[in-house]
Every structure is written in structure tokens, then in C-alpha cells.
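Trainee: Order-wise, the sequence lines are chains L and H. If you count by numbering that gives the first Met the number 0, then the first sequence holds residues 0 to 322, one letter each, in order. If you count by numbering that gives the first Met the number 0, then the second sequence holds residues 0 to 325, one letter each, in order.
Just so you know, the hints here were simulated from the structure itself, not pulled from any lab data. Fair warning: this is a prediction, and the values are worked out from it, not measured in the lab. A portion of the hints provided could be inaccurate.
[Stated by the list, open to error] Partner residues are not named here, just some residues of chain L that face chain H (Cβ under 8 Å, in silico): (1) V138; (2) V165; (3) F261; (4) R314.
[Claimed, not checked] Part of the chain L face toward chain H, derived, beta carbon under 7 Å: (5) Q153; (6) L154; (7) P157; (8) L163; (9) V168; (10) K170; (11) S171; (12) G263; (13) A264; (14) L304.
[To be verified] To spell it out: a stretch of chain H is covered by chain L in this simulated footprint if at least three of its residues, at any positions, have a beta carbon under 8 Å from a beta carbon of chain L; those stretches are: (15) 98-107; (16) 140-148; (17) 198-206; (18) 291-303.
Glycine included, every Cβ here is placed at the ideal spot set by N, Cα and C.
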Amino acid sequence: MSDAVVPHRVEPSAPRARSGTGWLKRALDSDIFYSFRRSRMTMVAAAVTLLFFLLAIFASQLAVQNPFDPAQLQLMNSRISPLWTADGQSPFLLGTDEQGRDVFSAILYGLRISLVVGVLGVIFAGALGITLGLIAGYVGGAVDGLIMRIADVQLTFPAILIALLVNGVAKSVFGNRLDAMSTLTVLVVAIGLSFWVQYARTVRGSVMVEKNKDYVAAAQLIGLPAPKIIFRHVLPNTMGPILVIATINLALAIITEATLSFLGAGMPDTMPSLGTLIRIGNNYLFAGEWWIVAFPGIGLAGLILSINLLGDWLRDALNPKLR
Amino acid sequence: MLAFTLRRAIQAIGVMIAVGVIAFSMFRFAGDPVNQIVSLDTPAAEREAVRKSLGLDDPVPVQFARYFVNAAQFKFGVSYQFRQPVSNLLMERMPATLELAACATVFAMVFGILMGVYSALRRDTLLTKFFQAVSLIGISLPTFLIGILLIYLFSVTLGWLPSFGRGDVVRIGWWTTGLLTLSGLKALIMPSITLGLFQMTLIMRLVRAEMLEVLRTDYIRFARARGLTTRAVHFGHALKNTLVPVITVAGLQFGSVIAFAIITETVFQWPGMGLLFVQAVQNVDIPIMAAYLLMVSLIFVTINLVVDILYTIVDPRLRSTISRPA
Chain L
0 MSDAVVPHRV
10 EPSAPRARSG
20 TGWLKRALDS
30 DIFYSFRRSR
40 MTMVAAAVTL
50 LFFLLAIFAS
60 QLAVQNPFDP
70 AQLQLMNSRI
80 SPLWTADGQS
90 PFLLGTDEQG
100 RDVFSAILYG
110 LRISLVVGVL
120 GVIFAGALGI
130 TLGLIAGYVG
140 GAVDGLIMRI
150 ADVQLTFPAI
160 LIALLVNGVA
170 KSVFGNRLDA
180 MSTLTVLVVA
190 IGLSFWVQYA
200 RTVRGSVMVE
210 KNKDYVAAAQ
220 LIGLPAPKII
230 FRHVLPNTMG
240 PILVIATINL
250 ALAIITEATL
260 SFLGAGMPDT
270 MPSLGTLIRI
280 GNNYLFAGEW
290 WIVAFPGIGL
300 AGLILSINLL
310 GDWLRDALNP
320 KLR
Chain H
0 MLAFTLRRAI
10 QAIGVMIAVG
20 VIAFSMFRFA
30 GDPVNQIVSL
40 DTPAAEREAV
50 RKSLGLDDPV
60 PVQFARYFVN
70 AAQFKFGVSY
80 QFRQPVSNLL
90 MERMPATLEL
100 AACATVFAMV
110 FGILMGVYSA
120 LRRDTLLTKF
130 FQAVSLIGIS
140 LPTFLIGILL
150 IYLFSVTLGW
160 LPSFGRGDVV
170 RIGWWTTGLL
180 TLSGLKALIM
190 PSITLGLFQM
200 TLIMRLVRAE
210 MLEVLRTDYI
220 RFARARGLTT
230 RAVHFGHALK
240 NTLVPVITVA
250 GLQFGSVIAF
260 AIITETVFQW
270 PGMGLLFVQA
280 VQNVDIPIMA
290 AYLLMVSLIF
300 VTINLVVDIL
310 YTIVDPRLRS
320 TISRPA
């Protein structure tokens, strides 16, 4: 992925044409939609991503049991292999684990948590990075220097290391036994703090280009306050590259969350994400119960692969240089 | 040139001081160190004595200076869970991590360069498409999934390779090596592949892109016109010129290989610094976390500095632009 700042074309369909069919028509006519229809791989990736999101949203309707509710789990049903194998039992499509938890239901709920952490993490990182990038680019000078030095230093450290450190510090400040919801918050913050740099750098670059344009001078002349110029006028013109980074970062954020949970520094067993499920399932691999780890793994890999393919396509589609 | 080196060195020291401040504040402010050492029913007077003996009632700048002086001598305090000096723990485990990281880097370089050169020279063969699929998987699959997959294939199903640990190690001075025994070498294979796969993908893509670029240049055309054999053009002229950026990237990546070893070491229960760090995060063992952060930063900063300086030596074109302040 290149860090190069991409001067991008302002999308005509975005802000003003909100009225009914006109908006839809323009979207369908756009170059982006054309390039989307041209690439079969991208359409498959988009469909798979959408499917994953739908599965996560309707998890409680689709699951045969609530895997978090101990009352619904029966030890009688433990260690059942998938339905199509000799020992398979209905309704456990993908088998059950040690506690009689249905693997398919656990994956649906785990997917929900992975996606929530991923999306919130990306939003948090984006908000932090965009704000700092706008300030650095617009104000310039010493503020710019300070923010960008911090970014430089942080960029040399892998995100997973920073996320682990933030996690460890949060644990020691709030005590080792955080409940599941606070752990989720800590994960979102950890991911946000690890991924803000790229947004900040990209936005700063775009702002430095944009702020010398006439429309900013005009806005300054009529006496608009700086925050309004920054957020209402400059920010929309930097959105293209940000969208690309956000898509690719969503995949990275999901990987980071899964890795943290796998390492035992993420979601607890009582509220497992896909990474937690893989960590739990990994313990049963040697007993031959491969399905407990395999299906969450396949789910995670499929999710990341399809989001990555979407991100790659978006990068090419929004980059006029590559057309 | 000297000014450039000096400026980079000062920057590097600045980074280390910043990391030191973070490590110190973790050590000092994230949880009370006294509570970690004494038991719950220790009387207040005894707590005060411990506090005093640790020097925790001194002014914060004094404490920071003391922490810094100690850290510079690799004294990082005592681990809460092991009750041993952190530096001993780290030193004991460092050879395992460095050996793993070195093997992974060698694996990534060898296969990455081979695959990259092949896919640049033969662009539309089936094997090239296969390599590209592998590279997409290398980027999309989380490291720990690759490790689990390898364990399932080669340990559980086929029973060829050990699934955890370092095998038998030989002690040479304070260094322990698994490179001299058969079981040690066997134990290295899967972790090295797991750790190196991402770097291999990166190097393959880089070599391919650089090769394609270089093959279009005039001096390659001229070499062809001189009647050199295809082999001499490809490997003597083209490959040689792609290797400078490749070696730079591989060098810079060595730091992240060490950091990513955290994941690989956990999957394979490899007794290195990464596993120690993960256990420290799980058990909130702040001295180990702070020390690991300092050690890894030192490695990172040193590598960056060395690569920057080497770069100007290798590529004289950079000198004129760098010697002027930007």
C-alpha cells in the first residue's frame, strides 16, 4: 500500500444531490459504480462482506441457541462433530465444543463482536487521526512538527505491540478483572491508538494542498472561523483516500482484535470474539476435534480476505493515476 | 555526511528518551508497585518501609533519573510473577527469539527473492499465478491461523514436526542454540515459516515490482544490445540493482519480525522474549512490559539508524539531497 497522497477528483454525487432518484441515478452512472460492475472479484467480495455483516446483525435470530446463556447449554451435547460427519447431530450444523456450545451460533455471536470492535476501532482511529491531521495541516508550524514527530515515532512500532501495551496498561490501571464490556472498550481504544497515524499523515498532506486553493482563501475572506473552514470545506475534499485507508484498516483492526484475543489479552471466554474462539478451539486440536478451531478460523480468514479485496479495488477505483 | 549522521543519532536518542518516559510512567503510575510486592494484610508501617526502600517517596524527577540510569545498565527491576531480575529473564530468552527471527528473515529473503524474480521474468505462467495467490493469503491470513494450520498439518495429522518448544538446545557460554541438534532444527522449521511468511510476501512483491521497473531501463536495453546472455542481463545487471531496496526493507523489517515473534512464540510455545511479554501482559507484570518495550525500541532505533547511514554510503545520489536540511 502506498502512502502517496492521492489528489482525487471531487465526487459529484456526494453532498448536494440528496433528492430521491436523482441521487441514485447519479450513483449508478458514476465511474466508481462502473468499475465495480466491471470486476467480478470485487462483486463477490462485496457480497461476501455484506453476508458477514448480515450474519452478525441477525445473529440472535439465526443462531440455534444463545451461546452466552449457560441455561441453554447442555453437557450432553458436548463434542459433537459437524452434521455431515458420521457422528453429526441436528441441529448442530458445525458441531459443538466442550461445553455443548453450538459452534455455528458461537461464530455468529463472535463475528458480531469482532465486527463491532473492528468498526468502532476504525471510527476511533479515524476520528483521532483526521482531527490531528487537519490541525497539523491547517495550523502548521510547531504544532505540525510535534504531531508529525509523534506519528513518525509511532510508525516504527508495529500496531500489535502498541495495542498489547495499551491493553496491559489498562489492565493494571483498572485491575485485572475487567468485565466484558470494558474489555471491549479497551480493545477499541487500543486499536484506535495503534492506527491513527496513517489517517493523520494522509489528511495532513491533502490539507496542505487544499489550503492554498482559492475556495479556502474565499472562506477566510468572508470571515468564517477556522474550525468551520476545516471541517465543512476542507475535510470533504480529503475523504477519498480516507475511505480507502478505512477499508483496509478495518481488515487490519479485525486481525489485531483477533490476535489480541488469541494471545489472551482480548475478549474473555464469557463473551468470545472469533479470536477467542480460535484460542479456545486450539486447545482441542490435538484431541482431533478440529471443527472447534477450524470454522471460526475459516470465518475470520474469509472476512478479512473479502474486506481486503474490497479495499484493493477501492484504492484502484479512486486513484485517477491508475486509470 | 557527518552532520547527517549526527542529526539522525540525536533524533534516535530523542526517541529513546521518549520511550523511556513512557516505560517509566508505566512502571511508576500504572498500579502501585508496592501492592504488587507486599501481601494484602501487610501493615501500613511495613508498606511505608517497602516504599522507602524502593525509593518511591523521592520526587518523581529523581525517580525518573534513577530509573533511566538503571535501565542504561540493563537493570529493569524485579519481575512481579517470577521474583527474579527482569534482565536475567530477558537475557535467558533472547537467544531463542533472535535465532527464530534470523531464520525467519533468511527464509523470507531466499523464497521472497526467488519467487519475486520468477514472477517478474515469467509473468503469465501458472506458477506465477500460484505465487500471487500465496502472497494474497500471506497478507490476509492472521499469523496465528497460519501457525495453527501448520501444526494441524505437520504435527497432528502427519506427525513429522514438533508442535511446541525448541527441541534440544546446546549451551555456548550464555547463549543457547537449537541450530546444532536435529530436534532443535526440526523445531525451528514451522515457527520460522509462520513468522517469515508475511515478510516473504512483502519481499516477493517488492522484488517483482523493482525487477519489472529495472527491466525497462536503458542500461538493460544496452546490456542486451551488447549481446550479453539473458542470464547475465537478468541476474548480473537487473537483479543486482533491485537488491538495494530489498535489503533495506528486509533490514527495517527485522525489528517488526522480532515484535511479531510475540504471536508466533505464543502459538508454538517458543520460550523467547515474546512469550515472556505476552505472559507479562496477561499477568500485569509491569517491569517486564516496560523492559521489553525499552529493549525492542533500542533494537528498532538502532536498526533504523544503521540502515539510514548505510543507505547514504551505498547510494551516493542521496548524499547531496540529505546534507541540505529539508
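Trainee: Take the hints in turn and mark each one as holding or not.
Mentor: Hints versus structure:
no.: 1; hint: V138; in the structure: 20 Å, violated
no.: 2; hint: V165; in the structure: 10 Å, violated
no.: 3; hint: F261; in the structure: 5 Å, holds
no.: 4; hint: R314; in the structure: 14 Å, violated
no.: 5; hint: Q153; in the structure: 10 Å, violated
no.: 6; hint: L154; in the structure: 11 Å, violated
no.: 7; hint: P157; in the structure: 5 Å, holds
no.: 8; hint: L163; in the structure: 5 Å, holds
no.: 9; hint: V168; in the structure: 5 Å, holds
no.: 10; hint: K170; in the structure: 5 Å, holds
no.: 11; hint: S171; in the structure: 4 Å, holds
no.: 12; hint: G263; in the structure: 5 Å, holds
no.: 13; hint: A264; in the structure: 5 Å, holds
no.: 14; hint: L304; in the structure: 4 Å, holds
no.: 15; hint: 98-107; in the structure: violated (count 0)
no.: 16; hint: 140-148; in the structure: holds (count 7)
no.: 17; hint: 198-206; in the structure: violated (count 0)
no.: 18; hint: 291-303; in the structure: holds (count 6)
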